[in-house]
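Kindly produce the complete structure, drawing on both the sequences and the hints.
Each protein sequence line maps, in turn, to chains E and A. Numbering of the first sequence is given in our numbering, commencing with residue 1 and proceeding in unit increments. Numbering of the second sequence is given in our numbering, commencing with residue 1 and proceeding in unit increments.
Just so you know, these hints were derived from the structure itself, not from any lab. Nothing here was measured: the structure is a model prediction, and the numbers come from that model. Glycine residues also receive a C-beta, built at the ideal position from the N, C-alpha and C atoms. Be a bit skeptical, because a hint or two may be false.
Claimed, not checked - Here are the computed lysine-lysine pairs in the DSS-like style, where the Cα-Cα straight-line distance is at most 27 Å:
id, chain 1, residue 1, chain 2, residue 2
1, E, Lys6, A, Lys335
2, E, Lys109, E, Lys90
3, A, Lys443, E, Lys109
4, E, Lys90, A, Lys507
5, E, Lys88, A, Lys507
6, E, Lys88, A, Lys536
7, E, Lys109, A, Lys507
8, E, Lys90, A, Lys533
9, E, Lys106, A, Lys443
10, A, Lys507, E, Lys106
11, E, Lys3, A, Lys335
12, E, Lys88, A, Lys533
13, A, Lys520, E, Lys109
14, E, Lys106, A, Lys517
15, E, Lys109, A, Lys517
Unchecked claim - Have a look at the derived ranges for each label pair, beta carbon to beta carbon:
id, chain 1, residue 1, chain 2, residue 2, range
16, E, Leu22, A, Ile345, 42 to 50 Å
17, A, Tyr11, E, Leu12, 33 to 41 Å
18, E, Leu22, A, Phe431, 55 to 63 Å
19, E, Asp26, A, Leu81, 37 to 45 Å
20, E, Ser51, A, Ile452, 34 to 42 Å
21, A, Met1, E, Lys173, 48 to 56 Å
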Amino acid sequence: MSKNIKFLVSLLTLIIIFIILLKGLDVSKDYSNEKLKSQIDFSLNAKKLFSDEIINISDLFDKNSPSVVNIWASWCAPCREEHQFLMKLKDMNINIIGINYKDSPKNAKNFLSLLGNPYSEVITDNDGTKSIEFGAIGVPETFIISGKTNEIIKKYIGPLTSENLIEIEKLLKKNA
Amino acid sequence: MSNYLGNYSLYIALIASVYLIFKSYLDANSENKYLDKNFILITSIQTIMITVSFFSLVAAFVISDFSNETVFNNSHTLKPLFYKVSGTWGNHEGSLLLWLLVLSIFLFIFLLNSRSQDTKYKLLTILFQQIIISGFLVFILLTSNPFKTLYPIPSEGLGLNPILQDPALAIHPPILYLGYVGTSIIFSASLASMISGNIGDKWARHIKKWVLVSWIFLTIGILLGSIWAYYELGWGGFWFWDPVENVSLMPWFCLTALLHTVIVLQKRNSFKEWTIILSITTFSLSMSGTFLVRSGILNSIHTFANDPSRGLFILCFLFILILMSILIFFFNQNKISNTAKENFILSKETAILVNNWFMMFFLSVVLVGTIYPIFLEVLNGSKISVGPPFYHNLLIPFLIPFLIFMSFGPSLKWIKDKLKKFNYNILIIFFVSLLISYVILTKTENSFLLSIPLIVLSIYLLLVTIKDFFVSKSSISQKISHFGFSLLITSILLNGLFSNEFNSNMKVGDERIFNEKVVKLKEVNVTDVDNYKSLKASFEVTNKNSSFVLYPEVRIYQQPLTITSEADIKTTLFSDNFLVFNILKDDGYYNIRYQYKPLMIWIWISTIFISFGGLLSVVRKNEQKY
Chain E
1 MSKNIKFLVS LLTLIIIFII LLKGLDVSKD YSNEKLKSQI DFSLNAKKLF SDEIINISDL
61 FDKNSPSVVN IWASWCAPCR EEHQFLMKLK DMNINIIGIN YKDSPKNAKN FLSLLGNPYS
121 EVITDNDGTK SIEFGAIGVP ETFIISGKTN EIIKKYIGPL TSENLIEIEK LLKKNA
Chain A
1 MSNYLGNYSL YIALIASVYL IFKSYLDANS ENKYLDKNFI LITSIQTIMI TVSFFSLVAA
61 FVISDFSNET VFNNSHTLKP LFYKVSGTWG NHEGSLLLWL LVLSIFLFIF LLNSRSQDTK
121 YKLLTILFQQ IIISGFLVFI LLTSNPFKTL YPIPSEGLGL NPILQDPALA IHPPILYLGY
181 VGTSIIFSAS LASMISGNIG DKWARHIKKW VLVSWIFLTI GILLGSIWAY YELGWGGFWF
241 WDPVENVSLM PWFCLTALLH TVIVLQKRNS FKEWTIILSI TTFSLSMSGT FLVRSGILNS
301 IHTFANDPSR GLFILCFLFI LILMSILIFF FNQNKISNTA KENFILSKET AILVNNWFMM
361 FFLSVVLVGT IYPIFLEVLN GSKISVGPPF YHNLLIPFLI PFLIFMSFGP SLKWIKDKLK
421 KFNYNILIIF FVSLLISYVI LTKTENSFLL SIPLIVLSIY LLLVTIKDFF VSKSSISQKI
481 SHFGFSLLIT SILLNGLFSN EFNSNMKVGD ERIFNEKVVK LKEVNVTDVD NYKSLKASFE
541 VTNKNSSFVL YPEVRIYQQP LTITSEADIK TTLFSDNFLV FNILKDDGYY NIRYQYKPLM
601 IWIWISTIFI SFGGLLSVVR KNEQKY
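Below, the structure is given as C-alpha cells:
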C-alpha cells in the first residue's frame, strides 16, 4: 500500500469513528416512557427454567395489570445485591418474570433455592438473544411492562435500589 | 477568597500557555541553538499557578467552604480530614484539576531533565504539551469550573457517601492519573522527535524513563482500583470487565508493548515507526478513557455524573489531537532514517514483535468489548450485551501461545540466535510442571480441557522465570517483572479454578459444612452507631486443626433507608475466606454467602513484583545488559 492510501484510509477511519461517537453522545441513556415507546415482541418463544417446556412469552404477562421483567444471572454479583428488593416486590403480589441470562440451569436453580424465588416464571436465555430483544445492555436490568399495551413503561439499568423500589410501586399503582 | 484565587490563577496559567505555544512555535522555526531562558521561567510560573489553584480547592475542602459548589456537592463537615482532602479529586471538577496539575508538573520535570537534548526537539515537545495543557484549561474553565460559587451559602454539604470513604479509592485516582498523564509526555516527545528527526537510540534512552514511570503508575493504579473493588464492593471478585475498568487496562496493554519496543529502539536502532505509533495510541487511549468515563456515553456500574457538553468537548479535543498526530506522522515519515538492520526469525527483536502483536490482540478484544455496543447502538439502534463470558472466551485460549512464547522469548539473543542443542534443563522443568499440574488438577472436579494446558504452561513459565534468576544474563528488573507476571497469571488461573462458594439461610446456632469446614453462626449483636443500626454477626469457622471467627456486618441507615453489607475477609498466604450476610424476613434467618478464594493475596503481590521490576529499571543506571 502506498503512503498516500495509508494516509487516506487512516484519515477516513478517524472521521467515521468521530461521527459515530458524536452521534453516540446524543443517544439518550434516560429510558423513560416519553423516550422509549417500543413494545415487546410477544411472538417470541422461550424455554422455562424449571420445566424445560417451551412457551410463548405472551402467556407470561397479565393482560390487565403491569408486570416486571428482571434479567439476571447467578454469576452476576450485582444481581445478588438487588435480589432482596425483588423479594420485596414479590411480597407486594407483583408479577415478576425472570429472564435467566447466559447461565447454567444448575447454578440458576441453586441461586433461587438459596436466596428465594421472586419470579412467577423464569425463562432461560442461553445465548443472550432474548435479552437483546428486550433491549437489554447487560445484567441486571429491570423493565416495567404495561399489560394492556405491551409497552415498556420504565427501564432500570444496573441493580435496583431501595429508591427504585418506591418508584416502581408508584408506577405500578398508576398503571394498574 | 480561595474561590477567586483558584479561579484567577487558572486564567493566568492559560495566558502562560498561549504565550508558550506561540513562542515555542516561532522559536522552533528559527535556528536558535539555545533554549530561551523565558521558557523555564514561564513554565514554572504556570506550574506554580496551577498548584496554587489546586491547593486553594484542597483548602476549600479542608475548611468546608460551602460557598464553593464543588465542595458543597462532595463534602460534609463530619467527614474525617483524610477524606475531606481526598474528596478534592473524588469528583469530576477536582479530578480534572489534578490532571492539569500533573500535566504541568511533568512538563516542568521534563524540561529540567532534558538539558542535553536538541533545542528544536525540546521546543516542539513544549509546543505539543502546551497544546494539551491549554485544551484542559479551556475545558475546565468552560464546562467544569471547580470554583463556581453558591449564594446563599448552604450550612451543610451533600457528600457523605460511605462507600467512597475508602483509603484505596482515595489514592487510586491520583496514581492512575500519574500514569495517564505520563503518556502525554511520551506523546508530545515522540511527535517532536518525529519532526526534528532525532528518533534513534539516544532518544530511546531518554524517553525510556518516562515510559517506565508511566507504566509503573498505571500498573499500581489498576491494582489499587482492583483492590478497592474486591474489599469494598463486596462482590467477591477483583475484576469485572466493567467499561470503567477496561479503559485503564487498554493503555496498559499499549504501554507494555511500547516499553518493549523502546528497548529494541535503544539497543538495535530499529522499530522506529512502532515506537511512534504506540506512543500516539497509548496517549489516545488514555484520553479516550477520560472521554468514555466522563461523557456518560457508557453504561457502567460505576456511573459518574455526566454532561453531554463535556463529552462533546473532550471528543473534539481528542480527535483534533489524533488528527494532528496522523498528519505529523505521514508528512514526516520520510525523515525516519531507515536504519533497520536485517532481522532473523530467531532473535530477541522477533520475540518482542510477537509480544507486541499479542498485546495488540488483547487490546483489540477489550476495545471491541468496550466500544462496540456504542457503535451498534448508533448504527442500527440494536443493543448487544458484553459480559465476562465474551472476554474470557476470546482472551483465555490465546493465553496458551502467549505463555509458550513468553517462556523462551526473553532469553533469545539480539540479532540472531541459534537453535541450541537440546536443552535438558527445559525438559526437566517441563516434566516438573506437568507433575505439579497433575497433582493440582486431581484436586478439582470442575476442570475443562482448556484448563489443563493453561495450568501446565503457567506453572512451566513460573518455573522458567525462577530459573532465569540464576542462569539468564538479562537484567534483574526484567527478571523480577517477568517473574511477577507469571506469578500473576498462575494465581489468577488457580484462583479461578479453585474458588468456590456456598449460599445458605441460617439462624443463630445453625451449622453448615462446606469444604470440610464447619461454619457456625454464633450470635448477632445489634447496636446503634451514630447514624445507622449495626448488626454484627460472628461466625466460627472450624477446620480439622484450626478455627477462626469472621465478623461480617449489616448496616441499616435510616435517612434515606439504605442497607449495606460489610463483608469480613480472613486473608492468609494460601487463601481468602470471604463471608457476607444479609437479612431475610423477620423469621430469624439470615442469608449467608461464604466464599473460598485461594491465592487472592498473590494476585496483589505479583502485581507489586511487576511494578517493582520497572522501578528498579528506573533507578538503576547500568541497565545495559538487557
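Any of the earlier hints contradicted here, and which numbers?
none
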